[in-house]
Amino acid sequence: MLKINNLHATVADKPILKGLTLTLNPGEIHAVMGPNGAGKSTLSYVLGGRPGYEVTDGTATLDGQDLLALAPHERAALGLFLGFQYPVEIPGVSNVQFLREALNAQRKARGEAALSAGDFLRVARTQAGAMGVDMDMLKRPVNVGFSGGEKKRNEMVQMGIIDPKLAILDETDSGLDIDALRVVGDGINRIMRKPDKAVLLITHYQRLLDYVKPDFVHVLADGRIVRSGGAELALELEREGYGALAA
Amino acid sequence: MSALALPSPREEAWRWSALAALPALAEATPRADALPVAPAFGGPHLTFIDGVYRPERSNPGPVAVGAVDAASAHPLARLATAPGWTLALGDDHAAGLVEIIHVSTGGANHVPARIALAAGAQARIVETFVGDGWANRLTAIALGKGARLMRALRLTQASGFTSLRDEAEIGEGASLVTVALGAGGAGSRIDAALTLTGTAAYAEMGGALLARGEQRHEAAVVVRHEAEKGVSRQIWRAVADDTASASLAARVEVAEGAQKTDGEQSLRGLLLKRAATVNLKPELEIFADDVKCAHGATVGELDAQALFYLASRGVPPAAARALLTHAFVADALDRIGEEAVRDAFIADADAWLEAH
Ligand SMILES: Nc1ncnc2c1ncn2[C@@H]1O[C@H](COP(=O)(O)OP(=O)(O)OP(=O)(O)O)[C@@H](O)[C@H]1O
Ligand SMILES: [Mg+2]
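Respectively, the protein sequence lines represent chains A and B.
Residues in the first sequence are numbered consecutively from 1, following our numbering.
Residues in the second sequence are numbered consecutively from 1, following our numbering.
A hint or two may mislead.
[Claimed, not checked] Within a straight-line C-alpha distance of at most 30 Å, the following computed BS3-like cross-link-like pairs (lysine-lysine) qualify: (1) A:Lys-108 <-> B:Lys-273; (2) A:Lys-213 <-> A:Lys-197; (3) B:Lys-292 <-> A:Lys-14; (4) A:Lys-3 <-> A:Lys-194; (5) B:Lys-292 <-> B:Lys-229; (6) A:Lys-139 <-> A:Lys-18.
Please keep in mind that the hints were generated in silico from the structure rather than gathered at the bench.
Given the sequences, and given the hints that come with them, work out the whole structure.
Okay, structure coming up:
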């Protein structure tokens with residue numbers, strides 16, 4: 001589904017990704033761990049097409065289509081969803097207003113009919129309910145005044161509404177309380193654990209992986225994948241830290 | 001016709017004005033081919049076509065038409081000496097929403113108006129400017145004790161120029177709220193001198209200017225506090241796209257003795273292109289010592305992080321810019337109290353945003 005090959009990228013002329021190769025097949029959940037500053041968020045931004053992140057070499061395709069040639073909104077229409085490490089606050093724009101616009105723009109790009117306001121609200125209510133977010137919050141401006149945990153839940157509500165093919169979730173678990181972690185974990189499984197979908201889960205902690213069992217775990221250090229393994233690799237990292245990897 | 005005497009851009013109060021097209025408009029003859037513009041709010045309404053009252057398209061309700069008891073030394077407003085309209089309400093009278101539609105078909109038209117509300121009277125007026133040519137207006141406003149006037153001004157001409165001049169005296173405990181949407185014409189100037197003459201009066205003037213192409217829109221408002229405990233608010237948003245310019249000059253004067261004045265100016269500009277211009281000039285002149293005057297003036301661009309966040313969810317760039325620009329102007333237009341009027345103004349702003 002997602003094929004990244006020898007990806008090099010710079011931010012402000014500084015090389016961050018230095019030959020990253022990774023493949024996600026349909027039905028797989030991959031966890032990516034790694035030290036602070038390794039380039040994990042950079043990977044998600046490069047795949048999402050954030051301005052300022054320049055690809056200098058390598059390829060990335062989603063279902064055979066060249067992701068890197070598309071504008072960010074076109075990547076979304078192709079089925080890519082980014083869960084942000086730091087969700088952005090947008091004063092004056094309500095969640096429901098922008099999500100309906102987002103969803104219908106994606107549907108239009110795929111040649112599907114637009115959802116009516118009523119149908120959209122039904123979908124939004126269902127997804128918000130599943131994430132323990134009330135509709136009043138969805139009517140408020142995007143992430144404005146939301147607590148850290150509420151922002152992360154809101155990312156998951158958005159993922160539920162958009163129903164993407166591939167989700168790249170950047171530290172969705174950070175800032176969540178113990179109960180919220182379970183709710184978010186259940187949400188990821190419910191929305192994304194399907195034979196035709198895939199997830200790239202960026203995390204620092206084993207906790208989330210107790211709820212969302214990864215098929216593969218990778219270590220990203222200094223801009224590359226330096227080690228890959230099964231779910232047990234995360235436990236090993238938790239015990240021994242990244243220092244042992246050098247050996 | 002004798003040469004038009006226009007203020008020079010060397011004068012400080014006119015430095016951002018774009019009056020160059022006015023002499024030719026003043027000489028031109030209107031085409032008089034106006035399409036009917038239907039009133040939008042279902043109450044009393046007056047239609048002026050090229051400055052001439054059209055009874056067959058009007059239902060004036062409480063408004064009188066004819067010579068107007070108003071005169072001004074203002075360089076543009078002094079031209080408004082033709083017949084116009086007057087809304088005079090006696091003590092404690094309340095008028096429903098009155099709509100005034102100004103259609104221009106080229107050329108120039110100059111119309112005065114007077115709004116005089118006696119003690120406790122209340123009125124709400126919406127004025128809409130459409131067509132092309134130069135529409136020039138003087139509105140003299142006198143509010144008696146406790147009177148309340150709400151005005152909404154919608155400048156949506158296709159081309160030409162709209163120049164508005166308000167001169168208001170606001171008495172004790174009276175309230176004047178004017179919200180403007182400047183989104184049309186090649187140029188416009190919304191100009192006002194509001195004087196709080198009575199204790200605890202309230203003056204609010206603000207709105208949104210939307211300029212694109214080579215348009216040049218400006219608002220220049222002076223609020224003068226002459227009595228104690230007055231409150232004034234000037235909340236303006238200026239958006240400029242392409243090579244257009246949008247300019248806001250807002251001044252608060254607090255006369256000696258106008259203690260406990262509470263004045264606020266919030267001027268914010270948004271540049272949609274690097275070649276566009278926003279000018280902001282908040283000014284304070286204070287001759288009393290016990291006053292609270294807050295002012296803020298900032299110019300920025302659309303937030304790149306917000307644009308990427310919206311794009312990452314699938315919102316195309318033009319729609320993302322429209323969403324963020326709408327949010328930027330909405331808090332100024334949200335000040336319109338009447339829901340139907342507010343919705344109409346926001347719809348006009350959205351139409352402007354989508355017309356790209
Ligand atoms: N705009 C920028 N200018 C210069 N350096 C940048 C910029 N943005 C990111 N970087 C650098 O890129 C490197 C990778 O950052 P990135 O956010 O991808 O790390 P990360 O693996 O997600 O870390 P964390 O675990 O702390 O979230 C860091 O050294 C960071 O300082
Ligand atoms: Mg990160």
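Against the structure, the hints:
1. A:Lys-108 <-> B:Lys-273: holds, 28 Å
2. A:Lys-213 <-> A:Lys-197: Within the cut-off at roughly 15 Å; holds.
3. B:Lys-292 <-> A:Lys-14: violated, 49 Å
4. A:Lys-3 <-> A:Lys-194: Within the cut-off at roughly 19 Å; holds.
5. B:Lys-292 <-> B:Lys-229: holds, 10 Å
6. A:Lys-139 <-> A:Lys-18: Not OK: A:Lys-139 and A:Lys-18 at ~42 Å, beyond 30 Å, violated.
In terms of the numbered hints stated before, the structure departs from hints 3 and 6, listed from lowest to highest.
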